[in-house]
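Engineer: Those sequence lines, one after another, are chains A and B. So the first sequence is numbered by my numbering: it starts at 1 and just counts up by one. So the second sequence is numbered by my numbering: it starts at 1 and just counts up by one.
Please note that a few of the clues may not be correct.
Straight-line Cα separation of at most 30 Å, DSSO-like style, residue types lysine-lysine; simulated pairs [said to hold, decoys possible]:
1. K219(A) x K98(A)
2. K434(B) x K580(A)
3. K363(B) x K388(B)
4. K492(A) x K430(A)
5. K193(B) x K564(A)
6. K212(A) x K564(A)
7. K98(A) x K193(B)
8. K151(A) x K193(A)
9. K491(B) x K53(A)
10. K101(B) x K101(A)
11. K513(B) x K219(B)
12. K98(B) x K151(B)
13. K53(A) x K423(B)
14. K193(A) x K564(B)
15. K53(A) x K457(B)
16. K516(B) x K580(B)
17. K332(B) x K492(A)
18. K434(B) x K98(A)
19. K564(A) x K219(B)
20. K273(B) x K298(B)
21. K53(B) x K434(A)
22. K434(B) x K491(B)
23. K513(B) x K434(B)
24. K53(B) x K457(A)
25. K212(B) x K273(A)
26. K564(B) x K580(B)
27. K53(A) x K434(B)
28. K298(B) x K332(B)
These aren't lab readings, by the way, just hints derived from the structure by calculation.
Protein chains: 2
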Amino acid sequence: MFTYIKKLGILFLISTLFTTSIFAQTLRQIQQERGLSDQDILAAVKTYTPTGKLDEYVVFSSGGQAGQLIVYGVPSMRILKYVGVFTPEPWQGWGFDKHSKDILAEGNLSRELTWGDTHHPALSETNGDYDGQYVFINDKANPRIAVIDLKYFETSQIVANPLFASNHGAAVVSPNTEYVAEVSQYAAPLDKKPVSLDEYEESYRGGVTYWKFDRASGKIDASKSFAVEFPPYVQDISDMGKLASNGWHFINSINTELYPGGFGPGNTEFKNKLPNEAGMSANDMDYMHVVNWQIAEKLYEDGTFTRINDFPVISIEDIVDAGGLFLVPEPKSPHGADVSPDGQYVIVSGKLDTHASVYSVEKMLNLLENKDFVGTDDYGIPILDYQKSLHRAVNLGLGPLHTQFGGGNIAYTSLYVESAIVKWDYIEGKVIEKTPIHYNVGHITAAEGDTVSPDGKYLISLNKLSLDRFVNVGPLYPQNHQLIDINDGTKKMQLIYDMPLPLGEPHYAQMIKADKLNPVSRYTEQFPNATRPGRERIERNGNEVTIYSTSIRSRFSPEVIEVKRGDRIIWHVTSLERAKDQVHGFTVNQYNVHGSLEPGETGTFEFIADEAGVFPFYCTEFCSALHLEMAGMFIVTE
Amino acid sequence: MFTYIKKLGILFLISTLFTTSIFAQTLRQIQQERGLSDQDILAAVKTYTPTGKLDEYVVFSSGGQAGQLIVYGVPSMRILKYVGVFTPEPWQGWGFDKHSKDILAEGNLSRELTWGDTHHPALSETNGDYDGQYVFINDKANPRIAVIDLKYFETSQIVANPLFASNHGAAVVSPNTEYVAEVSQYAAPLDKKPVSLDEYEESYRGGVTYWKFDRASGKIDASKSFAVEFPPYVQDISDMGKLASNGWHFINSINTELYPGGFGPGNTEFKNKLPNEAGMSANDMDYMHVVNWQIAEKLYEDGTFTRINDFPVISIEDIVDAGGLFLVPEPKSPHGADVSPDGQYVIVSGKLDTHASVYSVEKMLNLLENKDFVGTDDYGIPILDYQKSLHRAVNLGLGPLHTQFGGGNIAYTSLYVESAIVKWDYIEGKVIEKTPIHYNVGHITAAEGDTVSPDGKYLISLNKLSLDRFVNVGPLYPQNHQLIDINDGTKKMQLIYDMPLPLGEPHYAQMIKADKLNPVSRYTEQFPNATRPGRERIERNGNEVTIYSTSIRSRFSPEVIEVKRGDRIIWHVTSLERAKDQVHGFTVNQYNVHGSLEPGETGTFEFIADEAGVFPFYCTEFCSALHLEMAGMFIVTE
């Protein structure tokens, strides 16, 4: 009895003492007021990043149909920047100054394009590890690849694909960023001619373009790039081999039915057909394409290609003959083809199957070497036996989609239909645990997850729906990226943060250690039209007026510019600032001119002064206490 | 001695017991690993909003030169949406479908404008309280006002100012949203003609436009709107009176020097002058403009106006004669004119003065009534005595800029130069405390802060620089919005969250209770070209092809469309979805077409099929496991 009372007393003492510490008391009070669980508090403390402390990781996420690249910090899940890529964005001056207009114009196909559908960012790699120098991203709608230079966090190049009608398995890089791969999605004639869908099998084609990346210049060199022809299966997501599988490239496909589509009215040939969602999903198995870019590179260098739209294309026949292309069956409508960190396995998930297939690279290459094929497809590509290629198939759950890797044998796979992440051992083939997400996860990204040495620690679930997770902001909902603590892989997964995405639909992301990034704070390069202080001037040559101007807190020089209606204006603005974060904006009112002038930068703005009147120009970035006085007048006389 | 040992023992017990509770132990472990203070943990717990819980407040923030409206939640400080306003944004289809193109076109001045410089969002009010129905925002660069309908969180109207060359003190609303006011900034001839700066005093003018808002239609009615002429001082920030000051409108100015500018080369008349930053800051005092919109409305209704550019303008003389306009001196280069919740005081801060001036509305109106003026300015506007108008002036610190209100007599003012927020009693004139921010705060926003009944609780510091607060993402830094816990005003201010702004420079924001917002999740209105399932069709009329199509998980109907080069395409896409968050995107590859189709919506896309070839069209929003199959072919034959 005495012991019992003593125990009660100690329990009482514990709870009393805990709650009487001022900190603990305050904590419990806030907890109660806000209705938080103990688990919520631990999640808060795991993610909260107080003023003055920096995030440990940085995520580069696609912006989907917003056409931008999203950059955010982990574990705080705060968005740090939307980098302008395919869509003009005035805050950055992207698509408004001459420099960025020129880059965007390089990416125009037959018309001016003012948006893009970014899907897959790929960080540049050195020896299979992210090196923090560049990130590449694709435009699915207008097949293009952009290069973003992480010295400035700015897009430095856009290349347009001369052959494809769309892409999806892009951008992916080889382990030393020798090439940036762009895989086509919806098949179309490679010469871009109009051909009836009656001739789908004969005339439509897919393919992969290997864009040569020149690290010295930081540019893709189109003159050293080439493509490999594929059948008109609808190629999908892809991943490059590494270490044991270096040189190989693994590409899903979804339409081995060669179904040309045609549901609905309006086309006599194809009237009343099945919709694509059924017609393209009839087969139980599709084909993973396995292609070797080193063999393709050799063929290209040897001249074994034809030119289509003036671009070198290696035919299916030639790449097959050289042993550089084979097919492996994969479960219905796959979406992920993910190479393990050691390069020995490729994991494919079929969205309409509950299994993930773990392919053994060693087994596949042995089958290839021994020409142990089950046959060829209609285009003459050898097909390996599914079972013989497999390490194992594992039942993961409903709608497995994309796999990322922790350490050791641990893999994480998104389950789209089930709205969950499954953690499993891909060598032993055992499911370890599942955690629900909210809702309908597409891809996932793990810390350094696509490298040869993933960190474990954090996993992000890129969910397609947010439904009830955030305050309703109208019929177009934000997406929800959920941060999951995967620690060292030994403990249970813990969902620790819900992050709404306010703009765009991110499809894919990569997470890099923040200390691998080393951007500059100002421009030190010499701009061709830079103006030194005191050398500001206005030069007239016929009806062309060139203005060499400067900006510094808090004035433009010159402040008054008078021109005649019809004059062509070339306006250079040099920022004389050197201090970091001291940015000036520049606009000429009503002339649709805008620029962002970061320290040391010279921006150039060209337009015709086609309207008479008085037009203020001013600094659009609050730069000092006298920021509002940083303005001038552009007067256009009749 | 015994007591001493006993005390030590209890202390040991306290710390031991605290750390042995599993929760507390885990908490302390994470705290140690992440280097957090106890204060950090409390801040984390105050802001962290776990999955499934919603934010208490919603902030509407300008997006600056990004041209958008930013929506985020408090206390989590997570961005929920960037609403497309003046800048086309493809994720939302904003500026891509016919509906939004038409709205943007209404706002075009003499040319197509593809961006804006948003500064001041104003929530619609009923009896001086936010009602959650609409938000208005200005474009400073191309003087315009946008209406955003909070039923959809979409821009529903843009009106272009027919008189001004720029604006800044906009948008602000009267207490029942009778009018949305737009105050000009840089002066220019109201008829928009080119006039030399030699004639600055005679021919340049400022003004205010009162846009009549019709709540029934949710639109500004330009035909019932009017403007009041002002001298060519550079008018700035403004606030509308309420309760005791209902009908009055308080507007700062910064250039009572009437300095026309002209620093730098290139203009013989104005060569080698002072820059504006000096020329416009010579006087110790500027003028607050106090104008009465009810008196102006009466003049307008009586026909006491002239038409400039076909827009009714009330002259300075007429508004002065009617007792509807006077000036009050205010300290040098003011930036805030903020009316207290009861409408009895107006607080003005001079950026180059250390004081805030607290004006008494009662005193000013008595002076006006008694015609107790110190004189008139050169334009005949009566000027009140500064001291006689004043309740008191309070020394707040360096660079006071903008004031928001808590409860009672409590005001919060941003100190730009000092990088701090000062909390003070504006009736007693006492500084209570200051808290540092990071760095250089412009405006601030408090919970329901511009209403007749502010909530206290939260204050946000809209900082202009972030410098070292976040992982470096290149020369263009994010801004930093810092959340401050101001609780009930009785405790000390506590900085509890740093939020980077990834896109745009937010100048001003308003914070509303989340439960006042009531947006819909789908469109229930009847769209004129909506297509019912089974009624999909393609109609040709000469070379105009109209496509009536539908979208539903996971197919478009029709899936194949063949047209001839040169055909004009009108493509209606009706979403048959009804479930919330089930959105489809729509693009025709390479044709620069994009739309977002929310449940129940019909989007219309018009273009000329000017290029022959095979162009996939597809759903750009991941909508189901068979999303990739939701595609069709648009074939343009020669």
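Engineer: Hints first: check each against the structure and report whether it holds.
Structural biologist: Against the structure, the hints come out as follows:
1. K219(A) x K98(A): The given pair, whose Cα atoms are some 19 Å apart, holds under the 30 Å limit.
2. K434(B) x K580(A): Judged against 30 Å, a Cα distance of about 26 Å means the pair holds.
3. K363(B) x K388(B): holds (7 Å)
4. K492(A) x K430(A): holds (15 Å)
5. K193(B) x K564(A): Holds - the C-alpha atoms of K564(A) and K193(B) are around 13 Å apart, at most 30 Å.
6. K212(A) x K564(A): Violated, at roughly 47 Å.
7. K98(A) x K193(B): holds (29 Å)
8. K151(A) x K193(A): Roughly 40 Å separates the two Cα atoms, so the pair is violated.
9. K491(B) x K53(A): This hinted pair holds, its Cα atoms lying about 26 Å apart.
10. K101(B) x K101(A): It holds: about 22 Å lies between the C-alpha atoms, which stays within 30 Å.
11. K513(B) x K219(B): holds (24 Å)
12. K98(B) x K151(B): holds (20 Å)
13. K53(A) x K423(B): holds (26 Å)
14. K193(A) x K564(B): Judged against 30 Å, a Cα distance of about 13 Å means the pair holds.
15. K53(A) x K457(B): holds (25 Å)
16. K516(B) x K580(B): holds (20 Å)
17. K332(B) x K492(A): Violated, at about 61 Å.
18. K434(B) x K98(A): The hint is violated at about 45 Å.
19. K564(A) x K219(B): Distance ~38 Å between K564(A) and K219(B) Cα, so the pair is violated.
20. K273(B) x K298(B): Violated. K273(B) to K298(B) sits at ~43 Å, over the 30 Å cutoff.
21. K53(B) x K434(A): holds (22 Å)
22. K434(B) x K491(B): It holds: about 12 Å lies between the C-alpha atoms, which stays within 30 Å.
23. K513(B) x K434(B): It holds: about 26 Å lies between the C-alpha atoms, which stays within 30 Å.
24. K53(B) x K457(A): Holds, at roughly 25 Å.
25. K212(B) x K273(A): Distance ~54 Å between K212(B) and K273(A) Cα, so the pair is violated.
26. K564(B) x K580(B): Status violated; Cα separation ~38 Å.
27. K53(A) x K434(B): holds (22 Å)
28. K298(B) x K332(B): violated (33 Å)
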